[in-house]
Amino acid sequence: MSKFIVFKSLDDMPDIAVSKARMDWNKTGSWRSSTPRREDKTPPCNFNCPAGEDIRGYLDLLKHGKIKEAFELILQTNPMPLVCGRVCYHPCQSQCNRENFDAAIDIRLMEKFMGEWGLEDYTPPGLPSPGSKKAAVIGAGPSGLSAAYYLRREGVNVTLFDENEHPGGILYYGIPSYRLPNDLLKPELDRILQGIAFRSRKRFGRDFGIGELEKYDAVFLGTGAHKSKVMRINGEDLPGVKSGLDFLKKVNSGEKVFLDGKDVIVIGGGNTACDVARTAYRLGGNVSMMYRRTVAEMPAFAEEIEQLKSEPIKLEFLVAPSRIEKTGDGKLKNLYIRMKLGEPDESGRSRPVPVPGSEFEVMADIVFTAIGEDPDLSFFDSAGKSSGDFDFASVDKRLRDKLFVGGDILPNPRTVPHAVGSGRLAAEKILAFFDGEKIEQPKSIAVVAGPDDINLRYFVKVNLDKRRKNLYGGDGVIGEAQAIEEANRCFSCGVCYSCNNCYNFCPDMAVIKSSNGYQINLDYCKGCGICANECPCGSLRMDEAG
Amino acid sequence: MGTTVSAMKEITVFGRGGQGTVVAAEILAEAYFHEGFYTQSFPSFGVERRGAPVTAFLRVDKEFIYLRSMIYKAHTGLILSPDVVNSPTFKPSLVGNATLVINSGRRLPEIPEYKCHYVDATGIALELGLGSKAQPLVNTAMLGAFARVCGDLSLENVLKAVENKVPLNVEKNVSAVKKAYKTVARIE
Amino acid sequence: MKKVVSGNEATSLAVKLSRAQVISAYPITPQTTISEKLSEICGSGELDARFVKVESEHSAMATLIGASSTGVRTFTATSAQGLALMHELLFWASGARLPIVMVDVNRAMAAPWTIWCDQTDSVAQRDTGWMQFYCWSNQEILDSVICSFKIAEKSSIPCMICYDGFFISHTNEPIDIPEQKQIDKFLPPRKAEYFLDIDNPQTFSGGTLPNYFMEIRYKLHDAFEKAQGVINDVYDGYNKLTGRSYEPIEPYYIDDADRVLITSGSAASTVFHTVNKMRKSGEKVGMLRIRQLRPFPEKELLYYIKPNIKYGALDRNLSPGTGGVFSQEIRSVLNRNGNGNRIHEFIAGLGGRDITTNNIEEIFKRIGNVEPDGINWVGLLK
Numbered sequence: 001m002s003k004f005i006v007f008k009s010l011d012d013m014p015d016i017a018v019s020k021a022r023m024d025w026n027k028t029g030s031w032r033s034s035t036p037r038r039e040d041k042t043p044p045c046n047f048n049c050p051a052g053e054d055i056r057g058y059l060d061l062l063k064h065g066k067i068k069e070a071f072e073l074i075l076q077t078n079p080m081p082l083v084c085g086r087v088c089y090h091p092c093q094s095q096c097n098r099e100n101f102d103a104a105i106d107i108r109l110m111e112k113f114m115g116e117w118g119l120e121d122y123t124p125p126g127l128p129s130p131g132s133k134k135a136a137v138i139g140a141g142p143s144g145l146s147a148a149y150y151l152r153r154e155g156v157n158v159t160l161f162d163e164n165e166h167p168g169g170i171l172y173y174g175i176p177s178y179r180l181p182n183d184l185l186k187p188e189l190d191r192i193l194q195g196i197a198f199r200s201r202k203r204f205g206r207d208f209g210i211g212e213l214e215k216y217d218a219v220f221l222g223t224g225a226h227k228s229k230v231m232r233i234n235g236e237d238l239p240g241v242k243s244g245l246d247f248l249k250k251v252n253s254g255e256k257v258f259l260d261g262k263d264v265i266v267i268g269g270g271n272t273a274c275d276v277a278r279t280a281y282r283l284g285g286n287v288s289m290m291y292r293r294t295v296a297e298m299p300a301f302a303e304e305i306e307q308l309k310s311e312p313i314k315l316e317f318l319v320a321p322s323r324i325e326k327t328g329d330g331k332l333k334n335l336y337i338r339m340k341l342g343e344p345d346e347s348g349r350s351r352p353v354p355v356p357g358s359e360f361e362v363m364a365d366i367v368f369t370a371i372g373e374d375p376d377l378s379f380f381d382s383a384g385k386s387s388g389d390f391d392f393a394s395v396d397k398r399l400r401d402k403l404f405v406g407g408d409i410l411p412n413p414r415t416v417p418h419a420v421g422s423g424r425l426a427a428e429k430i431l432a433f434f435d436g437e438k439i440e441q442p443k444s445i446a447v448v449a450g451p452d453d454i455n456l457r458y459f460v461k462v463n464l465d466k467r468r469k470n471l472y473g474g475d476g477v478i479g480e481a482q483a484i485e486e487a488n489r490c491f492s493c494g495v496c497y498s499c500n501n502c503y504n505f506c507p508d509m510a511v512i513k514s515s516n517g518y519q520i521n522l523d524y525c526k527g528c529g530i531c532a533n534e535c536p537c538g539s540l541r542m543d544e545a546g
Numbered sequence: 001m002g003t004t005v006s007a008m009k010e011i012t013v014f015g016r017g018g019q020g021t022v023v024a025a026e027i028l029a030e031a032y033f034h035e036g037f038y039t040q041s042f043p044s045f046g047v048e049r050r051g052a053p054v055t056a057f058l059r060v061d062k063e064f065i066y067l068r069s070m071i072y073k074a075h076t077g078l079i080l081s082p083d084v085v086n087s088p089t090f091k092p093s094l095v096g097n098a099t100l101v102i103n104s105g106r107r108l109p110e111i112p113e114y115k116c117h118y119v120d121a122t123g124i125a126l127e128l129g130l131g132s133k134a135q136p137l138v139n140t141a142m143l144g145a146f147a148r149v150c151g152d153l154s155l156e157n158v159l160k161a162v163e164n165k166v167p168l169n170v171e172k173n174v175s176a177v178k179k180a181y182k183t184v185a186r187i188e
Numbered sequence: 001m002k003k004v005v006s007g008n009e010a011t012s013l014a015v016k017l018s019r020a021q022v023i024s025a026y027p028i029t030p031q032t033t034i035s036e037k038l039s040e041i042c043g044s045g046e047l048d049a050r051f052v053k054v055e056s057e058h059s060a061m062a063t064l065i066g067a068s069s070t071g072v073r074t075f076t077a078t079s080a081q082g083l084a085l086m087h088e089l090l091f092w093a094s095g096a097r098l099p100i101v102m103v104d105v106n107r108a109m110a111a112p113w114t115i116w117c118d119q120t121d122s123v124a125q126r127d128t129g130w131m132q133f134y135c136w137s138n139q140e141i142l143d144s145v146i147c148s149f150k151i152a153e154k155s156s157i158p159c160m161i162c163y164d165g166f167f168i169s170h171t172n173e174p175i176d177i178p179e180q181k182q183i184d185k186f187l188p189p190r191k192a193e194y195f196l197d198i199d200n201p202q203t204f205s206g207g208t209l210p211n212y213f214m215e216i217r218y219k220l221h222d223a224f225e226k227a228q229g230v231i232n233d234v235y236d237g238y239n240k241l242t243g244r245s246y247e248p249i250e251p252y253y254i255d256d257a258d259r260v261l262i263t264s265g266s267a268a269s270t271v272f273h274t275v276n277k278m279r280k281s282g283e284k285v286g287m288l289r290i291r292q293l294r295p296f297p298e299k300e301l302l303y304y305i306k307p308n309i310k311y312g313a314l315d316r317n318l319s320p321g322t323g324g325v326f327s328q329e330i331r332s333v334l335n336r337n338g339n340g341n342r343i344h345e346f347i348a349g350l351g352g353r354d355i356t357t358n359n360i361e362e363i364f365k366r367i368g369n370v371e372p373d374g375i376n377w378v379g380l381l382k
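Chains as they are written, first to last, in this note's numbering: chain A, 1 to 546; chain B, 1 to 188; chain C, 1 to 382.
Isolated chain A, as found in the complex:
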């Protein structure tokens, strides 16, 4: 304890002003009026990832050269980084806090790199032997694959049913090969399907029914949305008027389709419409695309629209079909009416309104419709609803209690990462169900780290020209060194990355390193706030209460 020392003579005194004994009795923590607290926030990339990837986490591992660990971290939430590196629209990247500093981390490229690394250099660990629990997964698209993968990892005996010959669903049959080549898709699917029994050409409701599902302890339904929406106009059932999605499926199945010199019209403005138009162009068609709103309202991903615009495809905006007729020479006469934008509708976009008397006529050989798809739930007697939440009440009660759904059946945005995320979430629910528990959808309480949480003084702007050359100079293929360099740019928004600043700067040595990161020794922390102030990534905050 403190004691007032009285020196009686010069000789009693030390040469310097120094305490005569240890000073750790002096618990400077008692002076504290505010307290540092580690409070990791959610990085915007992680927050915006529909598949729930820990993007910051794998970039952190990647920057330390721990590629295998980074890849395995991705696999914890997304079994198909190669697919997503190519087809995901990467909302992570568009929300990256680094964007306004110099340039967003190219997370897409990072994921693509990781996916390719995984194909070449990754050997998955052995799977646990299947236990007594059995699950049926119906639909081998992104959500079904994801559900099956996460169930199998936990030792569930999984059978995966699909109506098609190949697994992959939309990945195999819907997405054109110029975006996702099947020879790249296949090895990733093989890795996912390890230890899973795949039953091809088994369509639920046609090739098997509820009775056959009785032997399973849980059933996951991920049959997607394949039923093209109808336009409700005269002539839409003429032979030359076809579903765009069916066209893509034919092409992807390897069927020969020739459109040489044919006039092709694609109706719609979503991703499917873009894929149909671009595929038709590649097969020799003179393609026009008709969309009833403007480019700003197109539901397709921005980069698909960019690529579409770079191809010789004619784009007509603010036009809606009103009638299709067959002419004598076998052509299709299309009547369109011009539209203008009116008040916003329930989707928040401006509602297109017809302009009276603006009808015009376009001739075509083929018309592809791609104005959206609905789930086809005709296998249930009283079908689940086509929009809104899945209607469990309408399902046969033999199935109802053990049924879980995911993918495009749900009212989520229809994207691969959303499907992957919903599949994994369903697997977690099934596992909890096996344990007699129930997972409630967690309420989102995430605090997202914004640009103001980052201490920019600790980061150096890159030379953008040099970076561009380094990352994109080689046909979009990057090596380990480039990936690590790019990962090193990550701000690690809101999440401690063990930079040691708090530890180094604490004037009281009250920050202690431990196996769980940094701890604050409250006996000595004076609450000066230097640690929080010097935290580069905003993972420390000062609480007013002592």
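These are computed hints drawn from the structure, not numbers from a lab.
Check each hint, because a few of them may be wrong.
[Unchecked claim] Below 25 Å or equal to it, Euclidean Cα-Cα: the simulated DMTMM-like pairs (lysine to aspartate or glutamate) are:
| # | chain 1 | residue 1 | chain 2 | residue 2 |
| --- | --- | --- | --- | --- |
| 1 | A | 314 | A | 304 |
| 2 | B | 62 | C | 176 |
| 3 | C | 3 | C | 55 |
| 4 | C | 53 | A | 534 |
| 5 | A | 526 | A | 40 |
| 6 | A | 20 | C | 197 |
| 7 | A | 8 | C | 179 |
| 8 | C | 154 | A | 11 |
| 9 | A | 309 | A | 237 |
| 10 | A | 133 | A | 440 |
| 11 | C | 277 | B | 63 |
| 12 | B | 91 | B | 127 |
| 13 | B | 9 | C | 361 |
| 14 | A | 402 | A | 361 |
| 15 | A | 262 | A | 165 |
| 16 | A | 461 | C | 55 |
| 17 | C | 280 | B | 63 |
| 18 | C | 280 | B | 61 |
| 19 | A | 229 | A | 316 |
| 20 | C | 191 | A | 190 |
| 21 | C | 240 | B | 63 |
| 22 | A | 229 | A | 329 |
| 23 | A | 397 | A | 440 |
| 24 | C | 277 | B | 127 |
| 25 | A | 227 | A | 246 |
| 26 | A | 41 | A | 325 |
| 27 | C | 154 | C | 48 |
| 28 | A | 20 | C | 199 |
| 29 | A | 68 | A | 237 |
| 30 | A | 513 | C | 197 |
| 31 | B | 165 | C | 176 |
| 32 | C | 2 | B | 61 |
| 33 | A | 229 | A | 214 |
| 34 | A | 20 | C | 48 |
| 35 | A | 513 | A | 543 |
Remember, it's a predicted structure, so these values are computed and weren't measured experimentally.
Keeping the supplied structure of chain A fixed, place chains B and C upon it in accordance with the hints.
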């Protein structure tokens, strides 16, 4: 506590920045040191620039040299760049009958009053590939010529100092010393 | 081993032989080649020391204060404005009794801008509680740096080794370099009485109330009073090892001299040379070389100052309005001790102006011919 003021020799090296002028004085200091002398070498103090006139100085004595002022009247001059003889400060920096070793293939008419020895150090450096064509490194050839002329320094000790102090192309520099030692000539 | 080296190389060699553990320096002419060489040998591993890069001399000294507080051996080098920038921390180093060793390569203080030599930079720091040694040869630099580590550590007073920029720092001459194992024996690793230790937390140099501050200051002063004994002991030991030693004041030809010039640094070397020359022509001149400004060798000076000899003091530094700092120190010693000698005061060689044999001969002439009459500026334009 004997004094040998009169025995002290003062040498000035005249050159231009980039020719190795300061290093020439340092190598010479070391050569005299190996010869058993006390030496003191120093550059003209201040800022050095490529191409600008540079001088470096050397004192040699049988005893430790206490004199630490600059050299105002050198007994011997090594002239790496012959155009310096036209500088108004050149003649005042030498004693009247100074011994000079001059890098030139021909006699310079401007300096009849000195004991002049000529060596084509530039030619030797170019032939051996020392430095570049635009900027041949002539310093080691000049030292070879000096060894022949000075009378109190052996070729062996010059070579030893060159080997110790030259960072690159030691063999070529050794050849330059030897070649200049052979070819230097006294011209009246 | 004998070798031809520059003054700055002699410093680097000495620091290496002394096995300094933390070095921090910021480049400034004419010191730069020291920090270059030291960072190079720290980088190559030739010297097992941490070279801390810093953005200023202030930070260099702060770094060494921190490092030295942990009990390790530390070194820095600087010149002129760099030393001035360290000023406030120099007090901290001495008040905390940290045995930091620093080389100051003497350079005149700007303005006007200059890189050339005079001692005004270091003499301006005489009240900061550092010992100051002024060297006149490369050999003395090497020996002084090595010995200063021992002196500083034994007396717990930081040491500054000063020598003239260019006239010594950039001049090459042969020196004798001791063997590493000789120095290892002479200068074992530092053993600090107090040091920062996170396992035994103590406070150092914290707020000290008026009731004890004076005592702490007295102890520093007392250490200076006793330092000469430490210095002498260290040089005795060094002498046994190398055969070389140095006195706080070194006399030359004073026994029968009628005129004696007192000076320091490279000027003393040229005075030495000039005394030799003048003695040859029968003139009875002599020299006292002062190599310490702090502790100022008061007793030694009094010992050498005799009646009936005329004295001059030559300063290569200036306290404007007062004169040369060594002259002031000499005056103050003579006055305090009731010594009636008056000295001639000369200012020469500021900002790199050469001090020549002729200048010194004129100085001796003046000492002989006229009574002391204030401050004489040598070689000043009329």
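Comparing the hints with the structure gives:
{"no.": "1", "hint": "A/314 with A/304", "result": "holds (15 Å)"}
{"no.": "2", "hint": "B/62 with C/176", "result": "holds (17 Å)"}
{"no.": "3", "hint": "C/3 with C/55", "result": "violated (34 Å)"}
{"no.": "4", "hint": "C/53 with A/534", "result": "holds (21 Å)"}
{"no.": "5", "hint": "A/526 with A/40", "result": "holds (22 Å)"}
{"no.": "6", "hint": "A/20 with C/197", "result": "holds (14 Å)"}
{"no.": "7", "hint": "A/8 with C/179", "result": "violated (48 Å)"}
{"no.": "8", "hint": "C/154 with A/11", "result": "holds (18 Å)"}
{"no.": "9", "hint": "A/309 with A/237", "result": "violated (30 Å)"}
{"no.": "10", "hint": "A/133 with A/440", "result": "holds (22 Å)"}
{"no.": "11", "hint": "C/277 with B/63", "result": "holds (14 Å)"}
{"no.": "12", "hint": "B/91 with B/127", "result": "violated (31 Å)"}
{"no.": "13", "hint": "B/9 with C/361", "result": "holds (21 Å)"}
{"no.": "14", "hint": "A/402 with A/361", "result": "violated (53 Å)"}
{"no.": "15", "hint": "A/262 with A/165", "result": "violated (30 Å)"}
{"no.": "16", "hint": "A/461 with C/55", "result": "holds (21 Å)"}
{"no.": "17", "hint": "C/280 with B/63", "result": "holds (16 Å)"}
{"no.": "18", "hint": "C/280 with B/61", "result": "holds (17 Å)"}
{"no.": "19", "hint": "A/229 with A/316", "result": "holds (21 Å)"}
{"no.": "20", "hint": "C/191 with A/190", "result": "violated (67 Å)"}
{"no.": "21", "hint": "C/240 with B/63", "result": "holds (24 Å)"}
{"no.": "22", "hint": "A/229 with A/329", "result": "violated (28 Å)"}
{"no.": "23", "hint": "A/397 with A/440", "result": "holds (21 Å)"}
{"no.": "24", "hint": "C/277 with B/127", "result": "violated (48 Å)"}
{"no.": "25", "hint": "A/227 with A/246", "result": "holds (9 Å)"}
{"no.": "26", "hint": "A/41 with A/325", "result": "violated (59 Å)"}
{"no.": "27", "hint": "C/154 with C/48", "result": "holds (23 Å)"}
{"no.": "28", "hint": "A/20 with C/199", "result": "holds (15 Å)"}
{"no.": "29", "hint": "A/68 with A/237", "result": "violated (53 Å)"}
{"no.": "30", "hint": "A/513 with C/197", "result": "holds (17 Å)"}
{"no.": "31", "hint": "B/165 with C/176", "result": "holds (18 Å)"}
{"no.": "32", "hint": "C/2 with B/61", "result": "holds (16 Å)"}
{"no.": "33", "hint": "A/229 with A/214", "result": "violated (33 Å)"}
{"no.": "34", "hint": "A/20 with C/48", "result": "violated (33 Å)"}
{"no.": "35", "hint": "A/513 with A/543", "result": "holds (21 Å)"}
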